[in-house]
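Asks: Below, each chain spelled out in residue letters.
There are 2 protein chains.
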Amino acid sequence: MNTRLCKRLGIEFPLFGFSHCRDVVAEVTNAGGFGVLGAVGLTPEKLDVELRWITDRVNGKPFGIDLLIPEKMLGKEEDTTDAELRARIPAGHKAYVEGLLRRHQIDTSGLWDDDPNDRDSSIMREAGAARMLQIAFKYPIKMFVNALGVPPASIIANAHERGILVGALTGSPRHAIKHAQAGVDVLVAAGGEAGGHCGEIATIVLVPEVLQAIEGHVNIDVLAAGGIATGRQMAACMAMGAAGAWCGSVWLTTTEAETTPTVKEKMLKATSANTVRSRSRTGKPTRQLQSAWTDAWQAEGAPAPLPMPLQGLLSRPPMLKVDKLAVGGHEGAKAISSYFVGQCVGLMNEEQSTRSVVYEFKKDFYEAVERLSATLAD
Amino acid sequence: MNTRLCKRLGIEFPLFGFSHCRDVVAEVTNAGGFGVLGAVGLTPEKLDVELRWITDRVNGKPFGIDLLIPEKMLGKEEDTTDAELRARIPAGHKAYVEGLLRRHQIDTSGLWDDDPNDRDSSIMREAGAARMLQIAFKYPIKMFVNALGVPPASIIANAHERGILVGALTGSPRHAIKHAQAGVDVLVAAGGEAGGHCGEIATIVLVPEVLQAIEGHVNIDVLAAGGIATGRQMAACMAMGAAGAWCGSVWLTTTEAETTPTVKEKMLKATSANTVRSRSRTGKPTRQLQSAWTDAWQAEGAPAPLPMPLQGLLSRPPMLKVDKLAVGGHEGAKAISSYFVGQCVGLMNEEQSTRSVVYEFKKDFYEAVERLSATLAD
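Those sequence lines, one after another, are chains B and G.
Here my numbering = 1-based position in the first sequence + 2.
Here my numbering = 1-based position in the second sequence + 2.
Keep in mind that a hint or two might mislead.
Identical copies look the same in the list; a pair holds intra-copy or inter-copy alike.
Stated by the list, open to error - SDA-like cross-link-like pairs, simulated, lysine to any residue; straight-line CA separation at most 20 angstroms: (1) 364 with 243; (2) 326 with 306; (3) 323 with 101; (4) 9 with 162; (5) 48 with 322; (6) 9 with 167; (7) 326 with 257; (8) 48 with 318; (9) 9 with 108; (10) 271 with 179; (11) 144 with 7; (12) 180 with 273.
For the record, the hints were derived by calculation from the structure and aren't laboratory data.
Build out the structure end to end from the sequences listed, making use of the hints.
Replies: Structural data, given as structure tokens:
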């Protein structure tokens, strides 16, 4: 394909593969798409390792990174440590989580002990994100994307100085205008059917509405996100004017994915009806597999989820424990086990390699173009 | 267009216009689409009048009707009158509604008095629906569509005997399979962004998932519904394999529409973020304009909405009163005023004639086909 965005980024097929798994990022890029490393779960040291690994494998082909710098977050303006934040979690919330785990035969002793290897939520603040980007800038990244809110001006300026495009996820036309005014190059219009953080406006409405909202900003490319796991859906969005598709969920059932075997199996079996939008994981609404965890936070008498980042600090230790136990076959842990995924999980029905996913996207895309053109044939 | 469905129905452009307004139905048909009269709000006598009116205006061009025969409904199996059903509405629910109206300076005296001209929910049961269809069969309708649940076998058989196609709305792949097994000809895959009764699966996921689910049923055509108000969205859905688009919302801001001036003004101003999915109007989740009415049913301490058809019987008198007062400029009534509409309300920004909407759809559709084809050009 020879679209403007393909030329801007030097890619062949405008399929953007967002993943926390470096193998997926490299494979998407190597197959002609654009891999984006989700770096929010990483320490700066680990980011360095991952970007070096990817750089060594893509032979000069382009890739990018994604951070999460929310505009509104508890403790955002303060020099707060995670230990201080953890101390703000109400005892009742911890007790509620412990009760859920115990009802599923999971031992909760030591559950809240500090993990010295754990990440630190300071990278979700501007200074922390800037530290991450200083590392990223050592590598030939072609795009930096912010997953929540308008990217800070200093970061946009820094990226542009280096010829790096700045992208931002947006769930509403109102936010799209803010991003456009801030100087963002690529808008990722993410519908409510998306996995992870999401709004409530569906992709098929959001994409044309965002395009309309930023009509005067002729240099912005809009990617469609939310519920896309096939080339025909990508074609659908490009028929509406999107410059490509941004996908996060579809990689989670690939052979390379970082998902646990339990989660992968659940995803392969799930239909689109098996996800929920819930604040139970991060404090902001995220779409994820429905499980005993999400059920518990929707049950009568459940405490309200805490604001970001407290709910994330609360949910992380039990979910790490659950993942470990589930791998060993623990039934209670399997029932609680969940992960972020979009409604397109219903279209993800077999495990395959990342490269094979990209190739199927291309084939399905071309067939969709032909199918649509054929409607006008006599 | 020369697609199978166009040939089956004798239409030029597979845009299906669902409306409670006979003028919209006739105009959609006359402009080359397929008008569908939403008959659930009508008495049998009124249906007769409306179908005669449409028949007289379309010069043999095809149109259809839509009824709502839910599979599960309180009093469905019984020979229950609306008066008996109304007696089952808890006093607390009526008091809650009265309180809301009074807080908006609306007099509630006589609010619950019987209206002799009012419709009757018996048409939502099989026998009542059959009475409606006996009338419909006097006119040259080409399709009958059921808006909730699998159409009863007797009705499918009766329609097929007369060469009338049977359609059904579906919000999930699981239901799509049930419809296919029952012998439905046209499936309307309606996403959670749709106005009126809707599920939670978004159109962009639901359409390919439904197509996959009914893969062996080669004679079924699948229409896409939910959030569609432009030709580019229709093209998007047809790129994914849909046989056309089913639209209900986009007609609500036409010059012909039955909407009150207040509702029309609200819709023209609304963005996609101004709708909510709420059980406050019919007892089942419906998407509608967010208003003081929907807010009140989500407020802390609000009673839970009643099961269908009780909530409809509860909401109808106050909403009729509100609509009348709003037309006269009553501010409190304007705040409560609402109507069913999809998220595509954000794309409905100017009042225009129904015919002009259809023509814009065609133009926008053709442009979308060209836009998508151009991505593959060198």
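Asks: Next, verify each hint and record whether it holds.
Replies: Quick rundown of the hints versus the structure:
1. 364 with 243: Answer is both: 18 angstroms inside a copy and 16 angstroms across each meet the 20 angstroms cutoff.
2. 326 with 306: So residue 326 and residue 306 fail the 20 angstroms test inside a copy (26 angstroms) and across (40 angstroms) alike.
3. 323 with 101: within (14 angstroms within a copy, 50 angstroms between copies)
4. 9 with 162: Answer is within; shortest intra-copy Cα gap is 17 angstroms, inter-copy 54 angstroms.
5. 48 with 322: within (18 angstroms within a copy, 62 angstroms between copies)
6. 9 with 167: within (13 angstroms within a copy, 48 angstroms between copies)
7. 326 with 257: Within. Shortest intra-copy distance 19 angstroms satisfies the 20 angstroms Cα cut-off; inter-copy 61 angstroms does not.
8. 48 with 318: Within. Shortest intra-copy distance 18 angstroms satisfies the 20 angstroms Cα cut-off; inter-copy 60 angstroms does not.
9. 9 with 108: Neither: 52 angstroms inside a chain and 61 angstroms across chains, both beyond 20 angstroms.
10. 271 with 179: Result: close only across copies, 17 angstroms inter versus 39 angstroms intra.
11. 144 with 7: within (12 angstroms within a copy, 46 angstroms between copies)
12. 180 with 273: between (35 angstroms within a copy, 16 angstroms between copies)
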